[in-house]
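Construct the complete structure from the given sequences, taking the supplied hints into account.
Chains C and P supply the protein sequences, listed in that same order. Its first residue numbered 1, the first sequence is counted upward by one per residue in this note's numbering. Its first residue numbered 1, the second sequence is counted upward by one per residue in this note's numbering.
Hints may be right or wrong, so weigh each one.
It does not matter which identical chain is meant; a pair holds if it fits inside one copy or across any two.
To be verified - Heads up, simulated SDA-like pairs for lysine to any residue below, C-alpha to C-alpha not over 20 Å straight-line:
#1 Lys120 x Asp130
#2 Lys120 x Ala186
#3 Lys145 x Asp97
#4 Lys169 x Ser123
#5 Lys145 x Asp107
#6 Lys120 x Asp32
#7 Lys117 x Phe131
#8 Lys117 x Pro209
I should point out that these hints are in silico values taken from the structure, not numbers from a laboratory. Note that this is a predicted model, so its numbers are computed, not measured.
There are 2 protein chains.
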Amino acid sequence: EIVAGIEAVLGDGPLKGRHVIVTSGPTHEPIDPVRYIANRSSGAQGTALARALRDLGARVTFVTGPAAVPPPGGVEVVAVQTAVEMRDAVTAALPADAAVFAAAVADWHVVNASGSKMKKDGSGKSPELDFAENPDILATVASMKKGRPKLVVGFAAETDDVQAHAEAKRARKKCDWIVANDVTPATGIMGGTENAVTLITGNGAEEWPRLPKDEVARRLAVRIAESLV
Amino acid sequence: EIVAGIEAVLGDGPLKGRHVIVTSGPTHEPIDPVRYIANRSSGAQGTALARALRDLGARVTFVTGPAAVPPPGGVEVVAVQTAVEMRDAVTAALPADAAVFAAAVADWHVVNASGSKMKKDGSGKSPELDFAENPDILATVASMKKGRPKLVVGFAAETDDVQAHAEAKRARKKCDWIVANDVTPATGIMGGTENAVTLITGNGAEEWPRLPKDEVARRLAVRIAESLV
Numbered sequence: 001e002i003v004a005g006i007e008a009v010l011g012d013g014p015l016k017g018r019h020v021i022v023t024s025g026p027t028h029e030p031i032d033p034v035r036y037i038a039n040r041s042s043g044a045q046g047t048a049l050a051r052a053l054r055d056l057g058a059r060v061t062f063v064t065g066p067a068a069v070p071p072p073g074g075v076e077v078v079a080v081q082t083a084v085e086m087r088d089a090v091t092a093a094l095p096a097d098a099a100v101f102a103a104a105v106a107d108w109h110v111v112n113a114s115g116s117k118m119k120k121d122g123s124g125k126s127p128e129l130d131f132a133e134n135p136d137i138l139a140t141v142a143s144m145k146k147g148r149p150k151l152v153v154g155f156a157a158e159t160d161d162v163q164a165h166a167e168a169k170r171a172r173k174k175c176d177w178i179v180a181n182d183v184t185p186a187t188g189i190m191g192g193t194e195n196a197v198t199l200i201t202g203n204g205a206e207e208w209p210r211l212p213k214d215e216v217a218r219r220l221a222v223r224i225a226e227s228l229v
Numbered sequence: 001e002i003v004a005g006i007e008a009v010l011g012d013g014p015l016k017g018r019h020v021i022v023t024s025g026p027t028h029e030p031i032d033p034v035r036y037i038a039n040r041s042s043g044a045q046g047t048a049l050a051r052a053l054r055d056l057g058a059r060v061t062f063v064t065g066p067a068a069v070p071p072p073g074g075v076e077v078v079a080v081q082t083a084v085e086m087r088d089a090v091t092a093a094l095p096a097d098a099a100v101f102a103a104a105v106a107d108w109h110v111v112n113a114s115g116s117k118m119k120k121d122g123s124g125k126s127p128e129l130d131f132a133e134n135p136d137i138l139a140t141v142a143s144m145k146k147g148r149p150k151l152v153v154g155f156a157a158e159t160d161d162v163q164a165h166a167e168a169k170r171a172r173k174k175c176d177w178i179v180a181n182d183v184t185p186a187t188g189i190m191g192g193t194e195n196a197v198t199l200i201t202g203n204g205a206e207e208w209p210r211l212p213k214d215e216v217a218r219r220l221a222v223r224i225a226e227s228l229v
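Structure (structure tokens):
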């Protein structure tokens, strides 16, 4: 892994001299000092993608939430917890030639998060959590008037009507590509080692076969390299 | 680890022939297929305790939520996600000589959890989560009229006024001991390798020095063995 990282940095891959930002993993949104809202992203696909881009010679800034898998070597790791922290880390890492948003960012955070542990008070009263929308990192970067990365790629984790939702997301977010996958628990994809993606570009939808996440990452990295030529 | 487990089973520790239930780790309470509410418990203290009890010869049923550390060898592992599943696993594992509830069980679950992924609908409207209290596993077992384990031990993770809260909890839950610790983020205890506990028994409060979680586990296991003589 370390050798691969060094080779990539010294090597002459098609992404040599290119800077790519990859986000990965879940975000954790605090409820109180011990509780938080999480999601089932393991960070496996984003981590594999960062590794594959590194192997093609890219300089990679890897902005990762609390993932279950360790980050790859030979990339710049920026560890964050919340969506707001992730947005700030991405903004700080710009400019970039490409930005790939593979993280499963929480859509909401808890506005009235408590500074001390919430307790049952015996009244049977339940907590009332007030939510506010998190910054939309993908849309923010994809809509930049100045300094927008040439290629902006989003991920869509869907549980139904995957392609239609993903195409709508691509249009709404103004990003170049969407990598869509079906995270219905029965597929075993979220947290698993394989992925079945549909790549949505300006030219339509390509359905890829179910493949190991490493292989999905390699194919995506090659496509990213081709798009930056 | 495996050898230690076999030795314990074959050996003649003070807990030989005793059955101890240990719960450990966080619980995860679903919001929708990809989101859940979690807490920062790593399962390290409960896992160390199960190992220490095994090393003293106990037969251990280890009921664990999705923990960051692997379960010990030589114990019966029952893996669960939610508080309700944990309660059911504990009930199924009874009778026991002792039950130690080291898990950080969620106090609430989401009643209106969604079968498909919740989406931002563009209206700026935030989700409304309705909560209901989870079963109180510690109080349930401690209050058993028939078949109550001789020793019932709870844990209290507090962020302020640790001893007072823990003593109140011991009285309220009708358990024999409370192992209280301060999980204020600044202590680094939750998710860390050390613990500073106060043991609350019918004889008052003992403040233990800050120790590795393995050592806290060994001392607790010895005390549990003594109490079952």
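To see whether the hints hold, each was checked on the structure:
no. : hint            : in the structure
1   : Lys120 x Asp130 : both (18 Å within a copy, 15 Å between copies)
2   : Lys120 x Ala186 : neither (34 Å within a copy, 23 Å between copies)
3   : Lys145 x Asp97  : within (15 Å within a copy, 68 Å between copies)
4   : Lys169 x Ser123 : between (43 Å within a copy, 15 Å between copies)
5   : Lys145 x Asp107 : neither (24 Å within a copy, 46 Å between copies)
6   : Lys120 x Asp32  : within (13 Å within a copy, 23 Å between copies)
7   : Lys117 x Phe131 : both (18 Å within a copy, 16 Å between copies)
8   : Lys117 x Pro209 : neither (46 Å within a copy, 23 Å between copies)
Of the numbered hints listed earlier, those contradicted by the structure are 2, 5 and 8.
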